[in-house]
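Asks: Could you build all of it, start to finish, from the sequences and the hints given here?
2 protein chains.
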Amino acid sequence: MTAEEFRRHGHQLVDWLADYRKRIEELPVVSQSKPGELRAALPEQAPQTGESFEAMLADVEQLILPGLTHWQSPNFFAYFPANCSAPSVLGELLSAGLGVQGMLWATSPACTELETHVLDWMADMLGLPAFFKSSSQGGGVIQDSASSSALCAVVAARERSTDFETNRTGARSPLVAYTSTQTHSSVAKAIKIAGIGENNLRLIEVDDNFAMTPGALEAQIKDDRADGHNPFFVCATLGTTSSNAVDPIARIGEICERERLWLHIDAAMSGIATLCPEFRFLNDGIDRADSYSVNAHKWMFTNFDCNCFYVRNRKVLIDTLSVLPEYLRNQATESGAVIDYRDWHVPLGRRFRALKLWFVIRHYGVQGLQHHVRRHVELAQQFASWVREDERFELVAPATLNLVCFRHRGGDEINEVLMNRLNATGKLYLTHSKLDGCFVLRMAIGQTDTEERHVQRAWELIQQLAPSS
Amino acid sequence: MTAEEFRRHGHQLVDWLADYRKRIEELPVVSQSKPGELRAALPEQAPQTGESFEAMLADVEQLILPGLTHWQSPNFFAYFPANCSAPSVLGELLSAGLGVQGMLWATSPACTELETHVLDWMADMLGLPAFFKSSSQGGGVIQDSASSSALCAVVAARERSTDFETNRTGARSPLVAYTSTQTHSSVAKAIKIAGIGENNLRLIEVDDNFAMTPGALEAQIKDDRADGHNPFFVCATLGTTSSNAVDPIARIGEICERERLWLHIDAAMSGIATLCPEFRFLNDGIDRADSYSVNAHKWMFTNFDCNCFYVRNRKVLIDTLSVLPEYLRNQATESGAVIDYRDWHVPLGRRFRALKLWFVIRHYGVQGLQHHVRRHVELAQQFASWVREDERFELVAPATLNLVCFRHRGGDEINEVLMNRLNATGKLYLTHSKLDGCFVLRMAIGQTDTEERHVQRAWELIQQLAPSS
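Residue numbers (the working numbering), protein chains in the order written: chain A, 42 to 510; chain B, 42 to 510.
Hints listed in this document are in silico derivations from the structure and should not be mistaken for laboratory results.
Just so you know, even glycine gets a beta-carbon here, dropped at the ideal spot from N, CA and C.
Each hint should be verified, as a subset may be incorrect.
Cross-link-like lysine-lysine pairs, in silico, DSSO-like; alpha carbons within 30 Å at most [claimed, not checked]:
id, chain 1, residue 1, chain 2, residue 2
1, B, Lys63, B, Lys468
2, B, Lys75, B, Lys356
3, A, Lys75, B, Lys356
4, A, Lys475, A, Lys75
5, A, Lys468, A, Lys63
6, B, Lys174, A, Lys75
7, A, Lys475, B, Lys356
8, B, Lys174, A, Lys356
9, B, Lys174, B, Lys356
10, A, Lys356, B, Lys475
11, A, Lys75, A, Lys468
12, A, Lys63, A, Lys75
13, A, Lys174, A, Lys468
14, B, Lys63, B, Lys356
15, B, Lys63, B, Lys75
16, B, Lys75, A, Lys174
Now the stretches of chain A that chain B is said to cover, found in silico as 3 or more residues with beta-carbon under 8 Å [stated by the list, open to error]:
id, segment
17, 60-73
18, 90-102
19, 286-300
20, 320-329
21, 343-356
22, 385-393
23, 499-506
Replies: So, in structure tokens, the structure goes:
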């Protein structure tokens, strides 16, 4: 494909995407596709000779589109959002078109420096402690996901606690980690991958608001020490997946400091709320954290993947993950004057992901980002007030930010049937969780183009399809 | 940014990228930027209010461009290539614009099904064993990098060998893994992350062609068993990073089968050569592999990230990595009729990366891909013949495919000075490695737009700047 053909097809595709965004609201949010349906429509073997771009785009329209659940629809209220925006899409396009690698500073200095710079911006924008900035002993890096960041936090904590002995001789000492029963599954996955063993992950009980109970954490650590175990890691969550609960970070931090445990903060979606001064209280206590993770790709209009991972002491992370073969040696690395991000995560190769974050921040400006986050929270609060007013329903957890957990008082089966009926209409999409063993509906409001009318129509539909008692 | 603004700015950016590809040859390949130079030009704080897209694009031109090393330049011969192509860039744009998540089949069925389908295509295109296809017990998945795939292979092997006991109780038994001294650093990194310990990674010696010595592997396994260790994993490389050596996979496979060790094949770049029947011999013996990894993002015109990872038995991988919290439960998963890729790697969230691979395969067709791969190999062979004819230089390793390792006979210092002088011209970029302790220049030919004239000019420049004896 020549440069001129790329220009022509690029325009075609941009036009298709612009039109997609204009009609997305009319498409059924959840794909109605059956297992195997797309595969049955595709040729069994790869084509021997080239096909036209027009043929490919036609297949996108006819075959791919019906198989999509439209995450960018304003009627998407499921899971946590993965909201993206036009400037972010353009940043991703630029990154792909440049096609540079950022594994070393030397392999494209701008790729590393823009990332460091924009993550320093983010630290200030979110009111994070100064020790997470590159001007200190710490620093930030873009990873693909909170799962990968959690793994890096666990492994760095493991090495710090064993004086890097595990990296050398393998896991031996009975290391023990702590989270709450509500923590995201990625922490359990990381604990397994890192060779700690799931049996050594303690799930600390939560209070009525589904937040970790510091007293229970303290007691468990004491028991474990008495049993000869070696506590090393705590993950506290700022906005759990099921109910958006916020663990009491300040008290957990005190315990971690006293017990010398690595404190990781998983602020996956809700950390973005701290863009707004009125939600900055969520950060209380993170001055004791060793690492912190927040997803710009959830609630900050930056398309996946863009997890921002910060460490208090970058040397520990780098010493944990660094392997420097001859073919990567270079003068800049040896000068010690640069950051080489290859040592900050599992992969070696890396895309120029800072571009999209830079574009998003510059396009919206801090005030623009605050405006949209506030609007989502307002809409969620409005939705919660409607739930409160309908006696068939109840709120199941505090709706502090943009997630409302609610249920029909009629019991689990009614709620599950209601959810399936709602999603089958194609007019909205919401998902469930279980809290206190009960089936709960989750209304997560965070899509870029969601407005009051979408939330209102969703509530009307819920009211309409819900049984009267 | 409205849909119409996106349309306009999208066209602007596509035009900028088309022009970039047209002028890339004239830009200095290696960035001349100094540490801190870009950061000094950026505002210290994020902007409070939004800026125009034109301002951002102007900064890309003036600030970012000088900080890039142009990986897509036809004069880029460093490391291994990370070649991309116009259809791939358009696939990435489409993926970003759709913004769907593929963690579960249910979260966008097309995202999962296209990936499975295209990876089955790839298995056939590369002549891989049928057990790697989804119609068998195995299957393929797109990961970000060979490093992440290696980690998954190590962890799955660890669990298979300990009957999933490590996942439950943590690493205890003295597990031992094997690679050659030439294996990519990602394996050592994976061994550390997985809690095996680097001391338990045996680096098996290589022969004169830098390929693993099966006899030495066998002897080491025997010694380890005698010492009470528990051998569990071997990584064989199809095309090492330093010299493109190919380990004797058939003989290593026999040993692995007899000793019941997991055999992982790292075919990072060179596996792509097996698109061509005449290079299919490289696959000899992989019918004994448990896992296989190849990077479409290195030599198959698909921009990073697009690592294709195959396992012989998907159940082992899934059982190793699966964690199913309530909020991810859904009818399709519970029916057992679908693949949920979240269980196949570290991250949970995932982009629709199959689109770009699908676009690339359809745009080029299998014959088109073969044509370009053959052309790169021919150019490398031509370059090698020129080196042979100049008595100042010598070839240091067999140039089987598209990498030529050579050096000036004048010793390490002369070669290092020569490399730095060459790269400082801005007219080409090549990097080094060490083989048998000697500094070696690597000429890797695999950029999408590299033609004979670029290779010829590179050789002329090398001849010109090389000392006469």
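Asks: For each hint, tell me whether it holds in the structure or not.
Replies: Evaluated hints:
no.: 1; hint: B/Lys63 to B/Lys468; result: 16 Å, holds
no.: 2; hint: B/Lys75 to B/Lys356; result: 49 Å, violated
no.: 3; hint: A/Lys75 to B/Lys356; result: 23 Å, holds
no.: 4; hint: A/Lys475 to A/Lys75; result: 26 Å, holds
no.: 5; hint: A/Lys468 to A/Lys63; result: 16 Å, holds
no.: 6; hint: B/Lys174 to A/Lys75; result: 21 Å, holds
no.: 7; hint: A/Lys475 to B/Lys356; result: 27 Å, holds
no.: 8; hint: B/Lys174 to A/Lys356; result: 42 Å, violated
no.: 9; hint: B/Lys174 to B/Lys356; result: 13 Å, holds
no.: 10; hint: A/Lys356 to B/Lys475; result: 27 Å, holds
no.: 11; hint: A/Lys75 to A/Lys468; result: 19 Å, holds
no.: 12; hint: A/Lys63 to A/Lys75; result: 26 Å, holds
no.: 13; hint: A/Lys174 to A/Lys468; result: 43 Å, violated
no.: 14; hint: B/Lys63 to B/Lys356; result: 48 Å, violated
no.: 15; hint: B/Lys63 to B/Lys75; result: 26 Å, holds
no.: 16; hint: B/Lys75 to A/Lys174; result: 21 Å, holds
no.: 17; hint: 60-73; result: holds (count 5)
no.: 18; hint: 90-102; result: holds (count 7)
no.: 19; hint: 286-300; result: violated (count 0)
no.: 20; hint: 320-329; result: violated (count 0)
no.: 21; hint: 343-356; result: holds (count 3)
no.: 22; hint: 385-393; result: holds (count 6)
no.: 23; hint: 499-506; result: violated (count 0)
Hints 2, 8, 13, 14, 19, 20 and 23, counting from the list given before, are not met by this structure.
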